[in-house]
Amino acid sequence: MSAVIETRGLTKRFGNFTAVDDLSIAVEPGSIFAFLGANGSGKSTTIRMLIGVLRPTSGTITVDGVDVIRHPRRVRDRIGYMGQRVSLYQGLSIRENVEFYAGLYGLEGDALERRWGGLRERLALGDAEGERPENLPAGIRQRAGLALATLHEPRVLFLDEPTAGVDVESRGLFWDRIAEEAERGVTVFVTTHFLEEVEYCDWVCFIEAGKLIADAAPEALRERHSGGYRIHLAVGGEACERAARRLREAGLAPRPTGDGLELDTTTLDARVLALLGELVPPDAVHIEQPPMTDVFRRLLAREAA
Amino acid sequence: MKRGRRPSEPGRASAARTGAIGGFAGANPLVKSWRRIRALIVREVRATFRDRFTVTILVAVPIGALLLFGFILTTEVKHLALGVLDASQTSASRRLVAELAAQESFDPTVVATRDELERLVASGRVAAAIVIPPSFDRDLERLRRDGPAPEIEVVYDAAETVLAQNAEAYLRGILGATARALVDPAGGRPRVTVASRTLFNPTLDGTAYMVSGTYGFVLSFLAVLITAVSVVGERAAGTFEQLQVTPATSVEIVLGKLLPLGAVFAFDVFLMALVAGVGMGVWPRGSLVFFLVVSAVYVLISLALGLLISATSKSAAEAVQRSVIFSIPLVQLSGFIFPVRNMPTWLQWFPKVFPATHYIAVSRAIYLRGEGAATLWPELLFILAGGVVLVALAVRSVGARA
Amino acid sequence: MDAKGDPIIEIRGLRKRFGHRTALAGVDLRVTKRQIVAVTGPDGAGKTTLLRTLAGLLEIEAEVATVLGYDLRGDVTELKAHTGYVPQTFALQRDLSILDNLRFTARLHRIPADELRRRADALLARTGLAPFADRMTSALSGGMKQKLAIANALLPAPALLVLDEPTAGVDVMARSEIWSILAESRRTAAVVVSTSYLDEAEQADRLVYLDEGRVVADGVPAVLRRESPRELYRAWTDDARHVARAARGLAFAAAVRASGRFVRVEVERAPDRDRATVTRAIAAIPGVLLVEPLPPDMESTLRHLASAA
Numbered sequence: 031m032s033a034v035i036e037t038r039g040l041t042k043r044f045g046n047f048t049a050v051d052d053l054s055i056a057v058e059p060g061s062i063f064a065f066l067g068a069n070g071s072g073k074s075t076t077i078r079m080l081i082g083v084l085r086p087t088s089g090t091i092t093v094d095g096v097d098v099i100r101h102p103r104r105v106r107d108r109i110g111y112m113g114q115r116v117s118l119y120q121g122l123s124i125r126e127n128v129e130f131y132a133g134l135y136g137l138e139g140d141a142l143e144r145r146w147g148g149l150r151e152r153l154a155l156g157d158a159e160g161e162r163p164e165n166l167p168a169g170i171r172q173r174a175g176l177a178l179a180t181l182h183e184p185r186v187l188f189l190d191e192p193t194a195g196v197d198v199e200s201r202g203l204f205w206d207r208i209a210e211e212a213e214r215g216v217t218v219f220v221t222t223h224f225l226e227e228v229e230y231c232d233w234v235c236f237i238e239a240g241k242l243i244a245d246a247a248p249e250a251l252r253e254r255h256s257g258g259y260r261i262h263l264a265v266g267g268e269a270c271e272r273a274a275r276r277l278r279e280a281g282l283a284p285r286p287t288g289d290g291l292e293l294d295t296t297t298l299d300a301r302v303l304a305l306l307g308e309l310v311p312p313d314a315v316h317i318e319q320p321p322m323t324d325v326f327r328r329l330l331a332r333e334a335a
Numbered sequence: 002m003k004r005g006r007r008p009s010e011p012g013r014a015s016a017a018r019t020g021a022i023g024g025f026a027g028a029n030p031l032v033k034s035w036r037r038i039r040a041l042i043v044r045e046v047r048a049t050f051r052d053r054f055t056v057t058i059l060v061a062v063p064i065g066a067l068l069l070f071g072f073i074l075t076t077e078v079k080h081l082a083l084g085v086l087d088a089s090q091t092s093a094s095r096r097l098v099a100e101l102a103a104q105e106s107f108d109p110t111v112v113a114t115r116d117e118l119e120r121l122v123a124s125g126r127v128a129a130a131i132v133i134p135p136s137f138d139r140d141l142e143r144l145r146r147d148g149p150a151p152e153i154e155v156v157y158d159a160a161e162t163v164l165a166q167n168a169e170a171y172l173r174g175i176l177g178a179t180a181r182a183l184v185d186p187a188g189g190r191p192r193v194t195v196a197s198r199t200l201f202n203p204t205l206d207g208t209a210y211m212v213s214g215t216y217g218f219v220l221s222f223l224a225v226l227i228t229a230v231s232v233v234g235e236r237a238a239g240t241f242e243q244l245q246v247t248p249a250t251s252v253e254i255v256l257g258k259l260l261p262l263g264a265v266f267a268f269d270v271f272l273m274a275l276v277a278g279v280g281m282g283v284w285p286r287g288s289l290v291f292f293l294v295v296s297a298v299y300v301l302i303s304l305a306l307g308l309l310i311s312a313t314s315k316s317a318a319e320a321v322q323r324s325v326i327f328s329i330p331l332v333q334l335s336g337f338i339f340p341v342r343n344m345p346t347w348l349q350w351f352p353k354v355f356p357a358t359h360y361i362a363v364s365r366a367i368y369l370r371g372e373g374a375a376t377l378w379p380e381l382l383f384i385l386a387g388g389v390v391l392v393a394l395a396v397r398s399v400g401a402r403a
Numbered sequence: 439m440d441a442k443g444d445p446i447i448e449i450r451g452l453r454k455r456f457g458h459r460t461a462l463a464g465v466d467l468r469v470t471k472r473q474i475v476a477v478t479g480p481d482g483a484g485k486t487t488l489l490r491t492l493a494g495l496l497e498i499e500a501e502v503a504t505v506l507g508y509d510l511r512g513d514v515t516e517l518k519a520h521t522g523y524v525p526q527t528f529a530l531q532r533d534l535s536i537l538d539n540l541r542f543t544a545r546l547h548r549i550p551a552d553e554l555r556r557r558a559d560a561l562l563a564r565t566g567l568a569p570f571a572d573r574m575t576s577a578l579s580g581g582m583k584q585k586l587a588i589a590n591a592l593l594p595a596p597a598l599l600v601l602d603e604p605t606a607g608v609d610v611m612a613r614s615e616i617w618s619i620l621a622e623s624r625r626t627a628a629v630v631v632s633t634s635y636l637d638e639a640e641q642a643d644r645l646v647y648l649d650e651g652r653v654v655a656d657g658v659p660a661v662l663r664r665e666s667p668r669e670l671y672r673a674w675t676d677d678a679r680h681v682a683r684a685a686r687g688l689a690f691a692a693a694v695r696a697s698g699r700f701v702r703v704e705v706e707r708a709p710d711r712d713r714a715t716v717t718r719a720i721a722a723i724p725g726v727l728l729v730e731p732l733p734p735d736m737e738s739t740l741r742h743l744a745s746a747a
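Chains as they are written, first to last, in this note's numbering: chain Y, 31 to 335; chain Z, 2 to 403; chain V, 439 to 747.
Bound conformation, chain Y alone (with noise of 0.2 Å):
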């Protein structure tokens, strides 16, 4: 399977500041990829040349089979973006805004109708349609810059730090819109600083001070860095023996503890999770999973020696 989004030696260079360094990345189609960095790390940098509104200093960039670098028009049509400063024209209505961009992809009338109605219902923008975004809070001026950004059904969405500065509802449904779109087989490229996030995408890139410096699974990176998962079971006496034979059987190793066993595993595979299934009732197990965070940490501490 090729990849839809790919880049190689893609470096940026702003007189002596080089934002992005020699960045080669590969994006499966139909996957949701974590771009995740903080603020000046290159991420807006990235995502700008992949659109191709920023030329780079070198390197080489394909999106949907299309040198972008060379021939930036040729995706328009099938490239959904989002920026960090949102999309919406003062002065016209959401509604009047979704007529704009719809009219620039070559959609009207009776598609538009169908398109803006599953929109406005999912991200839940009914009330919103006839206002104007300087009216609006941040959280429903994200999601309508959403809406904007996949009314042409895109096959590839770019959103450049989504869920900043937004509150947790609109970040949920945000989430799930994602989800959606990736459901269908579109493949989002996204930007964030936000590490629990990372958990909802099925790549991630790290990138610092414009250097990849993870890029993997978020599962994979969490095998790698972290202490592994820890398990509680809460179970007395002769289940308790009982699980802890099995469990030994399986090749791991628990301890006993005051109200039952512990062990640690570094992955969480099928097996193990059937077996705990069987061996106590669901809320006698309790799964400590190693926050993103804690990872992240890791791997920089890591990256730092």
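Treat the hints with caution; some may be incorrect.
Stretch by stretch, here's where chain Z covers chain Y in the computed footprint (C-beta under 8 Å, at least three residues) [what the hints assert, rightly or not]:
hint, region
1, 110-120
2, 123-134
Only pairs whose alpha carbons sit at most 25 Å apart, straight line, appear in this in silico SDA-like list of lysine to any residue [unchecked claim]:
hint, chain 1, residue 1, chain 2, residue 2
3, Z, 315, Z, 330
4, Z, 33, Z, 48
5, V, 583, Y, 74
6, V, 518, V, 538
7, V, 583, V, 597
8, V, 583, Y, 46
9, Y, 241, V, 578
10, Y, 241, V, 615
11, Z, 315, Y, 114
It should be emphasised that the hints constitute simulated quantities derived from the structure, not laboratory data.
Beta carbons: idealized from backbone N, C-alpha and C, even for Gly.
Got chain Y sorted already, so can you dock chains Z and V onto it with the hints?
Chains Z and V alone, transformed into the frame defined by chain Y:
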């Protein structure tokens, strides 16, 4: 290691199908382009006309400039306070002073001594003064016998150069004609007033002169300013970048700005012509339609310039600064207020580079002298060529990637 | 209580309008201990306005508005001398080094040189900026600039520290380091900080949730979580996307999200539905390997608070 989730078959198929949505399959690319331009124009119109501030500026500034320049700042010579020292005190000299008083242009104040005269000029109570020499009668006699003309000294406040130069030119005319009339009363010379008008500086027809120049000023300054600020606003807000990601081409984006704003300013020109005509009695001597057409072309140039300025400005404040800095030399050098011929020769080529200079010249030609395409084609060609170049540059700057 | 025995912050019925827009519509806040108070809520809720008010920067209306014993509606000059404020967009002297920045601030507050040296050394050590003391501010990373801004605010040894989203967009390491600095500051000052990071809201001693200019919730995070009527379940699986899709179809699911190896299901507590029933229903979804009931987390708590507003 497993990378990404393999989407289920139905999902994949739908993604493949939706690839065709951007643009309806099979439509003519020109039709698509027109639809995009139409979307851009509708947006521009809605956004501009809902901004009360911009609308006010678009109407108030042109009319205001018209009134300001046409009525108040006119450089016409009218009721000019003129000091007169008649050192001759003959019937001929008194006749001269009477002629001057009979004109509307001058209000003579007669004084007896040189000191008094200079005090009048220095204090500003008169804009200029003349001294009729004691030998005036004898000089006229000499003129009758084809000798040299009498010399009349004109004294003026050097700070009022423009006014004084106009006054001087006019004075010369009157004095010359009066002298000749005195010399040869039966010479059948035309009346002084008519002669001076056709012979001399058209600044004598102040209002029409200023009005015809005001169009150039307004269009050059205001159109550039409004366009630059609006586009810079879009760049700062991020909507411009979003536009670059859509299928809209640079040409379409530029047209989407030029056409609606061009229509607004063209309407402005029409409005100004109406106000000048109905309110001030100034109609073009030449064809109004021709004037409107030429103005429409010039409007597009200013808008293209505005787009260029916006491409190189990072904020609205910077765009305003640039527009203003660009317009100031425009006002000074384009011949709007100060005639180009009055400038040092070595500098005179510089204004010719501005399309504004040519447009102002053309406006004046149409308004004051009733000229048409037949005589004006070199200037028109320059304006058109300048327009093409500027629009092309604007298209390039819109499509430029950082 | 501070030394005087008065509350550090005592505010009742705080109102603030900017033209037509009401930013704060009656806020009550009482802080009596040196603690970290996290203020959170959606954009436009009034967080920045509240913080600016506490720093003595705004004209306000209120029934009671006293900070460090000073009335906010009166002369606040004295108050500002005892408050450290770090706004969202702060201005540092870009062409000065870190140390010179601190010296500059010291001069503004008329801190004598030897006192300055003592405090600066301590602060540079605490913030981890000591090795970079001579570096130009313009050459610092985002996280380091934030730390410098905080050091500047702490230099005059304020009794109240007010920070507006100090960790926004900052890298992971710097974020946790900044929170350590704040936690340590509790020894000498009350700290009021706004944040949009859930994990930070969790670490605070007290959480205030603002929405549309009003306080919707105010309490200890752990207590707020416990009292939340939301239940949380993790459905562990190898195919989170499909399980998530199916889970959304369940009648009682308030929020569902695929998150790596599990699907997070949020359920509104109801008397006719016990944990066991819900667990069984989720376990019945094909692909689910294990269902783990959980206590409510910060996200579900805040989501509930937001919807209750």
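Status of the hints after comparison with the structure:
no.	hint	verdict
1	110-120	holds (count 9)
2	123-134	holds (count 7)
3	Z:315 with Z:330	holds, 23 Å
4	Z:33 with Z:48	holds, 23 Å
5	V:583 with Y:74	holds, 20 Å
6	V:518 with V:538	holds, 22 Å
7	V:583 with V:597	holds, 22 Å
8	V:583 with Y:46	holds, 21 Å
9	Y:241 with V:578	holds, 17 Å
10	Y:241 with V:615	holds, 22 Å
11	Z:315 with Y:114	holds, 18 Å
In this structure, every one of the numbered hints holds.
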